[in-house]
Amino acid sequence: MTTADAHHTIETVWKIEAPRLIAGLARMLRDIGQAEDLAQEALVVALERWPTDGVPDNPGAWLMTTAKRRAIDQLRHNRMRDNKQAAIDYELQPDAMTHAPDHADALDDDIGDDLLRLIFTACHPVLTRDMQVALTLRMLGGLTTPEIARAFLVPEPTVAQRIVRAKRTLAEKQVPFEVPRGEELAPRLAAVLEVVYLIFNEGYTATAGGDWARPALCEEALRLGRVLAGLAPGEPEVHGLVALMEIQASRLHARTAADGRPILLLDQDRARWDRLLIRRGLVSLERAEQLGGADGGYALQAAIAACHVRALHAKDTDWSRIASLYARLAEVAPSPVVELNRAVAVSMAEGPEAGLQLVDALLEERSLAGYHLLPSVRGDLLFKLGRRDEARVEFERAATLTGNVRESELLRQRAAACISTE
Amino acid sequence: MRVLVIVKANADSEAGVMPGTELLAEMGKFNEKLVEAGVMLMGEGLHPSSKGARVRFDGKKRTVTDGPFAETKELVAGFWLWQVRSFDEAIEWIKRAPFDGGTEIELRPVFEMEDFGDAATPEIREHEARLREKIAKA
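First to last, the sequence lines map onto chains L and F. Note that the numbering used here gives residue 80 to position 80 of the first sequence, counting from 1, and the numbers run on in steps of one. Note that the numbering used here gives residue 1022 to position 22 of the second sequence, counting from 1, and the numbers run on in steps of one.
These aren't lab readings, by the way, just hints derived from the structure by calculation. Careful: at least some of the hints might be erroneous.
Okay, the calculated beta carbon distance ranges per label pair [claimed, not checked]:
no.	chain 1	residue 1	chain 2	residue 2	range
1	L	Ser367	F	Gly1043	43 to 51 Å
2	L	Pro146	F	Gly1052	45 to 53 Å
3	L	Gly112	F	Met1027	18 to 26 Å
4	F	Phe1087	L	Leu363	47 to 55 Å
5	F	Val1055	L	Gln290	38 to 46 Å
6	L	Val44	F	Val1017	43 to 51 Å
7	L	Ala258	F	Glu1044	32 to 40 Å
8	F	Glu1044	L	Pro155	43 to 51 Å
Under the rule of at most 25 Å between Cα atoms (straight-line distance), these lysine-lysine pairs were calculated in the DSS-like manner [as the list claims (entries may be wrong)]:
no.	chain 1	residue 1	chain 2	residue 2
9	F	Lys1051	F	Lys1008
10	L	Lys15	F	Lys1029
11	F	Lys1051	F	Lys1073
12	F	Lys1008	F	Lys1033
13	F	Lys1029	F	Lys1008
14	F	Lys1095	L	Lys15
15	F	Lys1061	F	Lys1051
16	L	Lys15	F	Lys1033
17	F	Lys1095	F	Lys1033
Glycine included, C-beta positions come from ideal geometry on N, C-alpha and C.
Just need the whole structure built from these sequences, with the hints factored in.
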């Protein structure tokens, strides 16, 4: 094996093993910053040794053993520094000492819990949302700082700084490395799901820049969601979110024309929707509902998305069911954006006039002031009602508000169409 | 990316001999790890070729031949569809599968949109260029 080959293999193994490695070390050290540093050190050792010694049969266990030895040294060092030498044997986590290097399976039994702890810690509320996202992608996605920077169109040093600050904050606030229990669990889980969904959405609709979607981020979010569903199988909203992401991802490739222009849902070629992802999404939705989570925010959104994928042709869409699901969603998670979506569904079920009434009720909503979809939807309804002058103004306004170049082009075309058909 | 992982047939699988309890248990564990890692999209085992058929196309003519088929090593006994971040990752995962006895597994990347995206290439290039500019400026 050449050195280049070995490095290639090591990088691949690293992507697979890093989260488990960091999670296992964090449990020993109670500090995810130190845990990540030690995991990185184990990686460096692998990069030195594997090209000459060959890749070990169980590379994951090898990395874990190497890192754990260093973790034990680190703990000793910490104790010595704190002048508490006598406390070492007592205070060391028992599993750090008793797990023999080749007992990978024994390690595996705990590792699921450790991964869950790692996810909850990375998404801890003492961190800002930006920090949570960066830390989650770095620790659980095995993404490098440059990869995260590229995905989010921010400079590398910004991401590096977010990660450093996040680690420091967690250490300073002495955030325990644990899965929250009792009343704390629901809001903490909601935060985790929000981070995962944010990553997905960042990929699904690029908020800035020229391209419509960044599939790699969608795939990473989906992967995180699926991992989470395996770690917390009893949580309906986890399945709800996975269902929502699977179904949305099924349309990923049908959303963009060959020249990069976006294609709206109802104009998409449904033959290009990914049936496998749809099936997986519907199964996850069913699981969420079986667990009593039909009224969860994500499950409701997934149920709405499911209405679309169940219709073989756009004209077969069950808009009254969608409208009623949005009405339920507006009760569970009230927001002007949900209300706007409900208006669209109502307009499809009952006609543009009914939809326009709901949209007009939102015009004074301050939180929607800069939201391009409000004038975009209003323009569409006005267009359908034959009020083209008003429609054109709305489309033009929407075009100036969106940060997405492609979407902006589409809106300007619609504005132009209002004139040309007069 | 997606990778199709093809498990080739052998004399046992073609004879309809089911794997032993031990292998089944180990395979169960392996599958569990694939699911936990978010890698597994689907996986199925196939009946022996004796229960299958082949259809040959010549002009308008369709000729159906019932199994079994002779060339055991070229036959498929089962498959997985995996979602991975790279082809190497799929190879790394399959190395961990509990196969033995000369079993051969074939891995094939599934065509993705990008593979067809010739028309979009200039746009993608332009986008990449803008991105680099943006990152450099920041």
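Evaluated hints:
For the hinted restraint 43 to 51 Å between Ser367/L and Gly1043/F, the CB-CB distance of approximately 46 Å keeps it satisfied. A hinted range of 45 to 53 Å for the beta carbons of Pro146/L and Gly1052/F is consistent with their spacing of about 48 Å. Between Gly112/L and Met1027/F the beta carbon distance is about 20 Å. The supplied range of 18 to 26 Å therefore holds. Distance hint for Phe1087/F and Leu363/L: a CB-CB separation of about 52 Å, consistent with the stated range 47 to 55 Å.
Val1055/F and Gln290/L have their C-beta atoms about 40 Å apart, which keeps the hinted 38 to 46 Å range intact. Checked against the given bound of 43 to 51 Å, the beta carbons of Val44/L and Val1017/F, roughly 47 Å apart, stay inside it. At roughly 33 Å, the beta carbons of Ala258/L and Glu1044/F sit within the given window of 32 to 40 Å. Under the hint 43 to 51 Å, the C-beta atoms of Glu1044/F and Pro155/L, about 46 Å apart, fit the expected range.
With a C-alpha separation of about 16 Å, the suggested pair Lys1051/F and Lys1008/F falls inside the 25 Å cut-off, and the hint holds. Taken as a hint, the Lys15/L and Lys1029/F pair is honoured in the structure, with Cα atoms around 21 Å apart against an allowance of 25 Å. A hinted pair counts as satisfied when its Cα atoms are at most 25 Å apart, and Lys1051/F with Lys1073/F qualifies at roughly 17 Å. Among the hinted pairs, Lys1008/F with Lys1033/F is consistent with the structure: their alpha-carbon atoms are about 22 Å apart, no more than 25 Å.
Note on Lys1029/F and Lys1008/F: the hinted pairing holds, with a Cα-Cα distance of about 20 Å set against a maximum of 25 Å. A threshold of 25 Å between alpha carbons decides the hint, and for Lys1095/F with Lys15/L the separation of about 15 Å falls inside it, so the pair holds. Using a Cα cut-off of 25 Å, the hinted pair Lys1061/F and Lys1051/F holds, with the two alpha carbons roughly 23 Å apart. Restraint check for Lys15/L and Lys1033/F: the C-alpha separation of about 15 Å stays at or below 25 Å, so the hint holds.
Restraint check for Lys1095/F and Lys1033/F: satisfied, since their Cα atoms lie roughly 13 Å apart, inside the 25 Å limit.
Going down the numbered hints, you'll see the structure goes against none, and every one checks out.
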